[in-house]
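The residues making up each chain are set out below.
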Amino acid sequence: MAKIIKKSFPWFLILSLIVAVVFSFNLNFKNSEVKADSADTSVTVGNTAPSLGTPAENPASYGASPTNIGANVTFESTSTDPNSDNWYLAVCKTDVINPGTGGGAPTCDTSSTWCVSGSTVSGAKATCVTAASGAAESNAWFAFACDAASSSQACSASSQGSSDSGSPFKVNHVPAFTVYADDGPKAPATTMTWTTTASDSDTDTANDTVSLYVCKSNAFVASTLTCTDGAWCSDTGKSSNPTCGATTLRPDGDYAAYGFVVDSHGLEASGSPHATDSTPTVSNVAPSITASTISVLDTDEAGNMTLTTEQAETTGFKVKFTVVDANSCVTKGGTPGTDNEIASAFINLRMSEKATTACDESGDYNANDCYPDAYASWNPTCTQDADTCTGATDTDAAWTCTFPIQYHADATVTGAPKASYNWVAAVKATDDDAADTGLVDSTTGSNEMDKFMSYDLTTATIVYGTVSANGDSAEKTTTIEATGNVGLDENISGGTSGSKGLCTGSYPTCSGSYIATDQQNYNLTTGQGFGGTGHADLAYTPAEAELNCAKTTTTGSPATANTYWYLHVPAGQAAGSYTGQNTIEGKINNESFGS
Amino acid sequence: MVWKKINLILITFLLLAFVIAPTAKAGFGISPPYIDNENLGQGSHYEKKITLVRGDPVEDWKVEVITNVPKADDWITIDKGKEFIMPAGAQQVPIIFSIDVPKNAKFGEYKGSIRIKTSPVRAPEQGTVSILLGGQIDVNLTVAKDIFDFKIKGIKVSDLEEGYKAWWGYVPGIIKFSMQTENLGNIKAAPSKVKFEIYGEDKSNIVETIETSKIGKVEPFKTDWAVAELKTKLKAGSYWAQYKIFKKDEVVSSGEIHLSIMPKGTITAGQQNKIFDLNSKILLIIGIAVIILIGIAGLILKKKKKK
Chain L
1156 MAKIIKKSFP WFLILSLIVA VVFSFNLNFK NSEVKADSAD TSVTVGNTAP
1206 SLGTPAENPA SYGASPTNIG ANVTFESTST DPNSDNWYLA VCKTDVINPG
1256 TGGGAPTCDT SSTWCVSGST VSGAKATCVT AASGAAESNA WFAFACDAAS
1306 SSQACSASSQ GSSDSGSPFK VNHVPAFTVY ADDGPKAPAT TMTWTTTASD
1356 SDTDTANDTV SLYVCKSNAF VASTLTCTDG AWCSDTGKSS NPTCGATTLR
1406 PDGDYAAYGF VVDSHGLEAS GSPHATDSTP TVSNVAPSIT ASTISVLDTD
1456 EAGNMTLTTE QAETTGFKVK FTVVDANSCV TKGGTPGTDN EIASAFINLR
1506 MSEKATTACD ESGDYNANDC YPDAYASWNP TCTQDADTCT GATDTDAAWT
1556 CTFPIQYHAD ATVTGAPKAS YNWVAAVKAT DDDAADTGLV DSTTGSNEMD
1606 KFMSYDLTTA TIVYGTVSAN GDSAEKTTTI EATGNVGLDE NISGGTSGSK
1656 GLCTGSYPTC SGSYIATDQQ NYNLTTGQGF GGTGHADLAY TPAEAELNCA
1706 KTTTTGSPAT ANTYWYLHVP AGQAAGSYTG QNTIEGKINN ESFGS
Chain E
326 MVWKKINLIL ITFLLLAFVI APTAKAGFGI SPPYIDNENL GQGSHYEKKI
376 TLVRGDPVED WKVEVITNVP KADDWITIDK GKEFIMPAGA QQVPIIFSID
426 VPKNAKFGEY KGSIRIKTSP VRAPEQGTVS ILLGGQIDVN LTVAKDIFDF
476 KIKGIKVSDL EEGYKAWWGY VPGIIKFSMQ TENLGNIKAA PSKVKFEIYG
526 EDKSNIVETI ETSKIGKVEP FKTDWAVAEL KTKLKAGSYW AQYKIFKKDE
576 VVSSGEIHLS IMPKGTITAG QQNKIFDLNS KILLIIGIAV IILIGIAGLI
626 LKKKKKK
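Top to bottom, those sequences are chains L and E.
Residue numbers for the first sequence follow the numbering used here, beginning at 1156 and rising by one.
Residue numbers for the second sequence follow the numbering used here, beginning at 326 and rising by one.
What the hints contain is simulated information worked out from the structure, not anything from laboratory work.
Backbone N, C-alpha and C define an ideal beta-carbon position, used for all residues, glycine too.
One should not assume that every hint holds.
Said to hold, decoys possible - Restraint-style ranges between C-beta atoms, simulated for each label pair:
#: 1; chain 1: E; residue 1: Asp-425; chain 2: L; residue 2: Asn-1625; range: 16 to 22 Å
#: 2; chain 1: L; residue 1: Ser-1395; chain 2: E; residue 2: Ile-610; range: 56 to 62 Å
#: 3; chain 1: L; residue 1: Gly-1385; chain 2: E; residue 2: Lys-627; range: 23 to 29 Å
#: 4; chain 1: E; residue 1: Lys-560; chain 2: L; residue 2: Gly-1711; range: 20 to 26 Å
#: 5; chain 1: L; residue 1: Pro-1725; chain 2: E; residue 2: Asp-425; range: 45 to 51 Å
#: 6; chain 1: E; residue 1: Tyr-489; chain 2: L; residue 2: Thr-1348; range: 47 to 53 Å
#: 7; chain 1: E; residue 1: Glu-389; chain 2: L; residue 2: Gly-1684; range: 31 to 37 Å
#: 8; chain 1: E; residue 1: Lys-573; chain 2: L; residue 2: Gly-1593; range: 33 to 39 Å
#: 9; chain 1: E; residue 1: Lys-476; chain 2: L; residue 2: Asp-1692; range: 43 to 49 Å
#: 10; chain 1: L; residue 1: Thr-1346; chain 2: E; residue 2: Ile-613; range: 35 to 41 Å
#: 11; chain 1: L; residue 1: Ala-1441; chain 2: E; residue 2: Gly-406; range: 16 to 22 Å
#: 12; chain 1: L; residue 1: Gly-1385; chain 2: E; residue 2: Val-576; range: 33 to 39 Å
#: 13; chain 1: L; residue 1: Thr-1680; chain 2: E; residue 2: Lys-476; range: 44 to 50 Å
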């Protein structure tokens, strides 16, 4: 029992105390009426620092996405002030903040301010901005929320944010770029190479790399890494000195090539030589002519060359050939067919008995077998064929030279004295920079000069004059001039089929008096008289006279040969005026010029 | 005294007139003045163009053509006929002689000549002996058995477009290699084969070897361009080719030529790559039309079966 009382006594005491307190308290409430005496009351509400939300960089500035130097880093956060005071967002370099006074802005430690916002309503977002600068890649920051109370301003504890948008912010620096050059001049369709001296010293998180873009104009978009008007080449992601190459265009001349270096975050280098033009040059190369493409052609481009103008030039012969130029058939920026890379061409035409070098000067000219372009009075016309140059990647063009040949140019077909030869052309083309092909001889493309039998008679009539009956006329002469390129004989005939050589009536009806055809003689030797040695009687059937008129060799002085004529008027022939027709048919001198 | 002076002036004038009066020159020519063919076959048809030339065509001339080729006279016809007019003003008058060898003509030589006689259309002047002009064409024909022979007189190649992939397959680039071929024989002839070894622009390596035997033939006795079409898979660029032209197994001509292969779409439509001599668009249209026709035919057959 005593133990029980001992154990339960404390509990009893406690309960008693509780009852006493409650009882007295209730008595006090019941007795709340103040008695007649009063008392003054007051309270001071203290300033409490605002609470800082999660500050952040916006956009986030971190290793993979740093802020380019000179660009802004924006900090933002929200904050609620317990006293409903406005607040400031202060971002400092160190974890030290000094609240403001009189509602003013707080301050960081000396030279340790990134930025401080303006006064911002409690609960609203505040922002402040600082420019990314300085050599450091990584920059720590501490954000504070400080109120703008009129007195006893207070600041929150610092916060450095979190994740990528938290401290530190990263600064990306401009890559170094000091040298930019191409290795031109280069030949067409070869590789032009651009080299640089460029690097980037940033190593935070990962070593920055540099890339080179060589653009065709001074227009480069760093955000998309594209050249607005096309790129020659690029070399990306290099630790230093990016270099790249491109195949040169064909037309010779200077081109534009602007070099742009950017780092692995798309930040362009600055200053020279960034965005400068290296002006690469495609050099001019000499053109060439393939001998197998040179063709010597007749006026209708088919068959042997045929002369068709007596004692004068036949025009319209052609030499065709193809010129190859690695610089293309059109000049840089030009119109195909109008702005030709090949500016001119000329030909020397000759019979193949002559060597190339024996027919390449003015003094070599000989209308029988050599027509050099240098001879002032012989003027071939050479032009590029239309529609043969299709564009700047086309490296060949066809040309045609048109020219005349004199009537007595040597025949080279079977039977002619020069039958073992043919006619060939040597061709030379020159480009717009005066580079030329050299003189190129035709090989398979030769041609034959055909025979041209042509003659002039110096008189259209034989005038025997007045001849007495039983008398002979004086000697009369007909002269043949060789106006083609062969020696000549002649077939002579005359009179009618009834052997009437001359008649008083209308010829060839010859109803009146007539003199027989064979009363006319002809002789190739002068002074023989009628019936003299070597004579031939005129007959209705043609007979060949071996005139052996030589081939003309001098243009203005045709070779000639004479035939001598005599008339015998038989005794008792009626007086009167007689009319007749004799025929002289030219033919090739077969002994010299074959059949 | 005055009359004496006047008479002296008149006499002087008359004398001068005779001295100064130009001697009339008449000219005539034939180009070429022969018809030669040693490779005629039985049944051959051969044409030869000959141009008659006048030096001073002041008046119309009548032309008479007189053939004298024993045993072959009736093989010869003239496009203008045996008599025609050379009109005033015409310095060159081409005429075509056609030789049609009978199928039973004997083998051998046929030689002779053709006379060309001219005369003014107007009547001869009374009291004069005028000289008429003319010329002789030598004729030398040989009839022999089938002769296959030709000569290459020139070559050329056109720019072409590179090949490309179409939905039905690959369309190659077509190199059109033209050979000016003189057919010396009496049957149609053309090179038997053309072979190209193609090098790059620097001529250091062979990049492709191609050949073809499909070459257009040239008629007997004619000179014409025989075209060989070679298919290439080379891309656009500048190339050099060593070509060889064959007559049966013999190389009759060889040399170097430049090829310019252009990017697709560069050359005008008429020169585009073709398959079976049709350009790819026409081929597509024909293909679709054929499919439609087959479908219609199928429907018609089905209907008939149901009946």
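Determine whether the Cβ-Cβ distance between Tyr-489 (chain E) and Thr-1348 (chain L) falls within the hinted range of 47 to 53 Å.
violated (31 Å)
Okay, Pro-1725 (chain L) versus Asp-425 (chain E) on CB: inside 45 to 51 Å?
holds (49 Å)
Taking the beta carbons of Ser-1395 (chain L) and Ile-610 (chain E), is their distance inside 56 to 62 Å?
holds (59 Å)
Please check whether Lys-476 (chain E) and Asp-1692 (chain L) have a Cβ separation lying inside 43 to 49 Å.
holds (47 Å)
Between Gly-1385 (chain L) and Val-576 (chain E), is the Cβ distance one that fits in 33 to 39 Å?
violated (48 Å)
Can you tell me whether the CB distance of Ala-1441 (chain L) to Gly-406 (chain E) sits inside 16 to 22 Å?
57 Å Cβ-Cβ, so the 16 to 22 Å window is violated.
Measuring from beta carbon to beta carbon, are Glu-389 (chain E) and Gly-1684 (chain L) in 31 to 37 Å?
Between Glu-389 (chain E) and Gly-1684 (chain L), where Cβ atoms are some 33 Å apart, the hint holds.
Against the range 20 to 26 Å, how does the distance between the Cβ atoms of Lys-560 (chain E) and Gly-1711 (chain L) compare: consistent or not?
Given a distance of about 59 Å, which is not inside 20 to 26 Å, the answer is violated.
Indicate whether the distance between the beta carbons of Gly-1385 (chain L) and Lys-627 (chain E) respects the range 23 to 29 Å.
Once the Cβ atoms are compared, 59 Å apart, the range 23 to 29 Å for Lys-627 (chain E) and Gly-1385 (chain L) is violated.
Quick check: does the Cβ-Cβ distance between Asp-425 (chain E) and Asn-1625 (chain L) fall within 16 to 22 Å?
With Cβ atoms ~55 Å apart, the hint is violated.
Hint says 35 to 41 Å; check whether the CB-CB distance for Thr-1346 (chain L) and Ile-613 (chain E) agrees.
violated (46 Å)
Quick check on a hinted range of 33 to 39 Å for Lys-573 (chain E) and Gly-1593 (chain L), using CB atoms only.
holds (37 Å)
Of the numbered hints stated above, those contradicted by the structure are hints 1, 3, 4, 6, 10, 11, 12, listed in ascending order.
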